[in-house]
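Number of protein chains: 2
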Amino acid sequence: MTARTIGVTEVALRDAHQSLMATRMAMEDMVDACTDIDQAGYWSVECWGGATYDSCIRFLNEDPWRRLRTFRELMPNSRLQMLLRGQNLLGYRHYEDLVVDKFVEKSAENGMDVFRVFDALNDPRNMERAMKAVAKTGKHAQGTICYTISPLHTTEGYIKLAGQLLDMGAQSIALKDMAALLQPQPAYDIVKGIKDTYGDIQVNVHCHSTTGVTLVSLMKAIEAGADVVDTAVSSMSLGPGHNPTESLVAMLEGTGYTTDLDMERLLRIRDHFAKVRPKYAEFESATLVDTDIFSSQIPGGMLSNMESQLRAQGAGDRIRDVMAEVPLVKADAGHPPLVTPSSQIVGTQAVFNVLMGKYKVLTGEFADLMLGYYGECIGERNPEVVEIARAQTKKEPIDVRPADLLAPEWDKLVTDASQLTGADGSDEDVLTYAMFPSVAPGFFEKRDEGPKNVGKTAEQMADQAAAKSDADRAVRGPITYRVSLGGRDHSVTVERA
Amino acid sequence: MTARTIGVTEVALRDAHQSLMATRMAMEDMVDACTDIDQAGYWSVECWGGATYDSCIRFLNEDPWRRLRTFRELMPNSRLQMLLRGQNLLGYRHYEDLVVDKFVEKSAENGMDVFRVFDALNDPRNMERAMKAVAKTGKHAQGTICYTISPLHTTEGYIKLAGQLLDMGAQSIALKDMAALLQPQPAYDIVKGIKDTYGDIQVNVHCHSTTGVTLVSLMKAIEAGADVVDTAVSSMSLGPGHNPTESLVAMLEGTGYTTDLDMERLLRIRDHFAKVRPKYAEFESATLVDTDIFSSQIPGGMLSNMESQLRAQGAGDRIRDVMAEVPLVKADAGHPPLVTPSSQIVGTQAVFNVLMGKYKVLTGEFADLMLGYYGECIGERNPEVVEIARAQTKKEPIDVRPADLLAPEWDKLVTDASQLTGADGSDEDVLTYAMFPSVAPGFFEKRDEGPKNVGKTAEQMADQAAAKSDADRAVRGPITYRVSLGGRDHSVTVERA
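Line by line, the protein sequences are chains A and B. With our numbering applied, the first sequence covers 10 to 506. With our numbering applied, the second sequence covers 10 to 506.
Here chain A stands alone, though its shape is the one from the complex (with noise of 0.2 Å):
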């Protein structure tokens, strides 16, 4: 019997660094191993989109556009795929139809070749659009579904939408497990389900590692049918970040399954990350595994910034009663999955309940969302809230599709972008402004300054290991020190007070 190839996504260029790092990773960091990844024979190369291009402009001082150009230039034998929130592109709100039709050429044009299309609340209605870009230039669209657990999350469910994410042309079923939620019967269920009621569609499966139990995920989900799966190279793998791609090589090893990848290119890899990784460490959370998600329902990120804004307002000591009304706010807002932006907005809220009594103070943002601003969740809002929003904000509810709402932009946008200093006037800098109106003056104007590393300088990294040693040689005690003074020398014993 011949084994059934698996394709592997390797995400180092891109979640990997998100979920470890901040996205800090500079580019500088990543060229050298780029031959190595092309060749390595994985299914595609995730390595923009996703909070990627915020980071470039914000703290790298590097053009998002350019970095896309250089991995295809670097990459030629490659599928090189991003991760889009679907009507929010890469930015935090709707954006009009027409800009979403151009962000998408742009990235087609520029080396694009997968587009992952999600939305925070699984609405198809704010992924149609992006997917449809994506048919027009011939590239491949992936419709996700954003995995979570809840009373009315059902593999029924998640099952359905993979057919109205079909029938809005995806090419493929991502299912994307960004809390590390997913464990291996579901993900059975899943993709068995897919395959089962609409033929032999292929299901890409994202899984992250927090919980230590995905790759067994992993494993049912092929068993099921998967074809491909994400992992990140071993050296860039574990924590909030993704399963290591070694492993998954180990593990089908023997099996019905197997993968085209190259040992030797993924050791490769995985050495040059393996020396890059530390530069970064102080942007690394101390996160090994932690499987209080799937009691708390609470993903890692999202109580750090509760217990954080707690704090700030002295009520540090009020986490457990947050953490109790979190489900409460979830279950009104219609359960939507805890994601960026859902997880903020629902948290923030919880906060604010807790602090200031229950919805007697909404948020902006969480009055939209429920007034159905951001889209549709599987649940029902509840009306009682929905009508405080409603009076707090003097905003009707809508049940259209939010992007509907939005009159055409574009022009206004060029217009705008055209008058900031430093911009080139191409649509990729109007689509960075578009993006990130705030932040984009300022890298228009430094963009010659050239791209930064945030990440420590091998000098740093010998100081910080000296100084290191220092500190667990522990020396706290008494030092004795050769002094000179007044052009005498003295001894001087300094011990702490």
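No lab work stands behind these hints, which were simulated from the structure alone. There could be a bad hint or two in this list.
Result set (SDA-like, lysine to any residue): computed pairs, CA atoms no more than 25 Å apart in a straight line [said to hold, decoys possible]: (1) K465(B) to S294(A); (2) K465(B) to D425(A); (3) K455(A) to D425(A).
What you are looking at is a predicted structure, and each value in this text was computed from that prediction instead of being measured.
Following the hints, put chain B in place on chain A, whose structure we already have.
Same frame as chain A, but now just chain B:
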């Protein structure tokens, strides 16, 4: 359909800290977790044996027998489990049978319930006496298969070994994967083979997590019928340790399998060790995941041993040669699994071969291995190398069970131990002396001073955090202090000489 209940052995109190922190955890850092461990619903609690005995008397000034009795007292509802190196007991040589009997008898008397008996060469003759001794006490004798990969090791061979162990009276079979080499498919095949061949005999599976793939192997072993699997609570898991207990629980949710574990208790156990683990950070390795062993066949610990041996000889650049030599030496020795002590024996000989010429000099241990004094391996030993060993050592090769050549030694051990200052005349002390004749005398002398904790104190942790924060700030340049000296203020600049 009722889910099948999978038993869990918690290894936090033995193998986890042996693997993660060089077996250094002090008893006082364990006692507070014991009630929760006792009540959490584990099949057994591994808490003694392996390197803990050695570490107790060598580093912690703690009586290992007292540790066992304390565990017995603190966990009255649990099966206590130990790892026993067959005829080697917990020492590093073969003991005469009456010493084996005595050790097992006293261990049972002091509270041990489950004896996992193994031999580094998988020679059943080295396990038989210990298992029979366990049977005599009415306790549980578990026969162990050390899993390794070689041209001679086959699923059928492992199944046959299981049968030999069952014939010798093993009440259950442990499949022990100390190098995290057990991939999902062989895990399934071996467990299935044992079940199919010998009926419903209990199978326990023990995997380390070093390669990142073995939680999947546990899933496959469970699907094949495994009854009990070993894990460590998450805060004591991963890296060179084991898969996280909570992840196992999450993995099985919704499948046809379940555990009886109490998640509330698990989280308390986790929180306890999350506080303890950082105290022992200096003993931890940085390995998070390492899949090299699949290609090199050389466990990480063995590799670093060989590297330091080479560096000590000023030959650090020869490591590639040594790595190429290891499989040849291993084949000449008949393909022993590479675990303590065979990994050191084979590794050191490979270093000797590279530095001094092939088999120009044999270590005493390697000669003994070649001459059969450690027992039989799965493969034939290279007769030419056996001849060299015979010529160098003037010892004859043997094919009997090594311990058959030993004269009764218990009475002499009693006499010798009784002459040591501080020895209390108990059989337990005789056994401590028997196991570690060079360490025991010093331990007996100082036993009254009580156990030491080699972890950092709360104060040291705070100091270290402060020092680390200094180091992070990387203030390495000159620092100017205002110093009051003899009633006058001086400005003093201090700089490392």
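Hint check:
no.	hint	result
1	K465(B) to S294(A)	holds, 23 Å
2	K465(B) to D425(A)	violated, 60 Å
3	K455(A) to D425(A)	holds, 18 Å
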